[in-house]
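Visitor: Chain by chain, the residues run as shown.
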Amino acid sequence: MLCRRVMSLLWAFALFTALAAAARSAHAQAFSRLEAGQQTVTAETGLQAGFVTSLGYATGLRLDAIDRTLMPFAQATLLVAKPDPSDYAFRVGSQISVASIGWFDLSTQLAFEVAGTENSIYRGTALRTDLVLLAGHYGRRWFAVAEAGYGRAWLTYIENSEYYRMNFYADARDGWYGGTGGRLHAGAKGGVTLGAVEVVLRAGVTKTETLQDLDLPFYATLGANYRF
Amino acid sequence: MRAQRGAALLMMTAGLAACDGIYDPSQPGNLVPRTVDEDPTLPALALAGTVFHSETFGDPTRPAIIFLHGGPGGDYRDQVPLKDRYDGAALTDDHFVVFWDQRGTGLSRRHDCGVFSNDRMDADLDALIEHVSPGRPVFLVGHSWGGMYAALYINHHPEKVAGAVLIEPGPLNGEMFDAIKGELHDLDVFSEWLNDDVWDGQFLTADDHARADYHRMLGVRDSQPKYHQSEVNPAPGWRQGAVANRCLIQSGIKDGKAVYSFTDHLSAYSRRVLFVASARNEVIGTAFQEQQRQFFPAADLVTIPDSGHDVPWTHPAETVATIRAYLAEVR
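Same order as they appear, the protein sequences are chains A and B. Sequence positions in the first sequence follow our numbering and run 1 to 228. Sequence positions in the second sequence follow our numbering and run 1 to 331.
With the rest of the complex left out, here is chain A (with noise of 0.2 Å):
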């Protein structure tokens, strides 16, 4: 019990630190590219692991020193099919173009992610990490490019639930877990420029980090963002 209260507590706070830090830097995901300067807000929809809908900010920070355009972000995604806020994931994280040559681009996209979820049999608060390489073209109107990724969940506080341990395991332990699970992904994603609005599509198939079959074993959205 009192674990229980310090780490809400912990929650609390970090929660707060990491809304604070967002606020300041913010930033999204499901853009193509930008350039120093601009900014874009994002929305996002569609099945990936589960019926979510994501909201999000993306900011072009120049990077003299290394010749390069950060692109810091922050999305919010909520399970939409019952809304329901516990199931939650928070994320914030940057992109940047490792490689260009010709029409040829390599980017990679690094974010740091808490996800919450509460079901049937346990209510659950994971700290992840998304990396995803990125490799194809970014055009003035269009862009069309590969992604795959490696998210892993690397500790997640489990609160087994009065019904999983009143009818299956009574002495399920609750606390943190270490590496309680890690998802591959590959796919692409493409979009068109229209005026200030992007309109992006990302689709693709992900297995767990051992191959195994996942129960929704592809994604698909549609994004939508705006410029200015």
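Keep in mind the hints are simulated off the structure, nothing from the lab. Every residue gets a Cβ at the ideal spot worked out from N, C-alpha and C, and that includes glycine. Among the hints, a few may not be true.
Derived DEER-like restraints, expressed as beta-carbon distance ranges [said to hold, decoys possible]:
1. VAL197/A <-> VAL232/B: 30 to 36 Å
2. ASN233/B <-> ALA186/A: 43 to 49 Å
3. ASP126/B <-> PHE112/A: 51 to 57 Å
4. THR53/A <-> ARG85/B: 27 to 33 Å
5. ILE253/B <-> SER86/A: 32 to 38 Å
6. VAL115/B <-> LEU47/A: 28 to 34 Å
In silico lysine-lysine, BS3-like type, Cα no more than 25 Å apart, as pairs [to be verified]:
7. LYS226/B <-> LYS257/B
8. LYS226/B <-> LYS181/B
9. LYS257/B <-> LYS181/B
10. LYS207/A <-> LYS160/B
11. LYS226/B <-> LYS207/A
12. LYS226/B <-> LYS82/A
13. LYS83/B <-> LYS160/B
14. LYS181/B <-> LYS254/B
Based on the hints, put chain B in the right spot on chain A.
Guide: Quick look at chain B alone, frame taken from chain A:
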């Protein structure tokens, strides 16, 4: 900002220390109970190249009743009350009662996917029957998948089965499966249980038995609303067998079509069989079982009022009375 981050990190570290470290989700005993391989105090039976979690009750010289639990991938915990005494009578008065967790599920030993097939399940039950009742036919009582399992066995070994009670069995062949496959699970893309299930993939992935079995619990309560199982008194279990469930089902499906059949030779089984249905099940209730009993030359059907698919758990007295009446008739 730097001070804020430092304080957050410090508090997180202190929190982890206060929680006595970090648990391993793959370690049995943390999220799921230990099996017979990890807990030597569990009642176990080594047989057919595996180790089953098993208990017996009553006089072993009496005719044996072997219970077959649901799933595939469930366990026998919700059947245990059927050994108890109701209205002054118990199955153990006249029979030797055998409960067991089938291969790869409940608290029995875990196996890789390739091990699971209907032939393997047939061989397991055959070995169990030879062990508990050598040379003497047994009675089988199977619930849900357990009823299918009983039919599978009778289909191949009619001479070893003195009688059978099939409590709301699932489809006994691919044709029956195809008739109801769209009704078996609530696969509405907006359903909460389904979204919780796939969202869980962000937290836990089924990369070992412990995590896979824990994850599989997610669908147990809510995935089959048309089965009308009790919400106030849900049937308990010990531990699901996720690999057993998935791989045994896959073994009966080719190119998306169910190709299994447990009914090819049932017409040659001359002994009387009892089907039991629940009154509320909208998918495999009375009407469905009325069709299924036609596979046997002599089969009766009893419906237990005010019950859902978990009838052995919610209505143990009525279930035991029905089984006892059947046994008295066929003996």
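Visitor: Quick one: which hint numbers does this structure break? Sort them smallest to largest.
Guide: Hints 1, 4, 10 and 11 not satisfied by this model.
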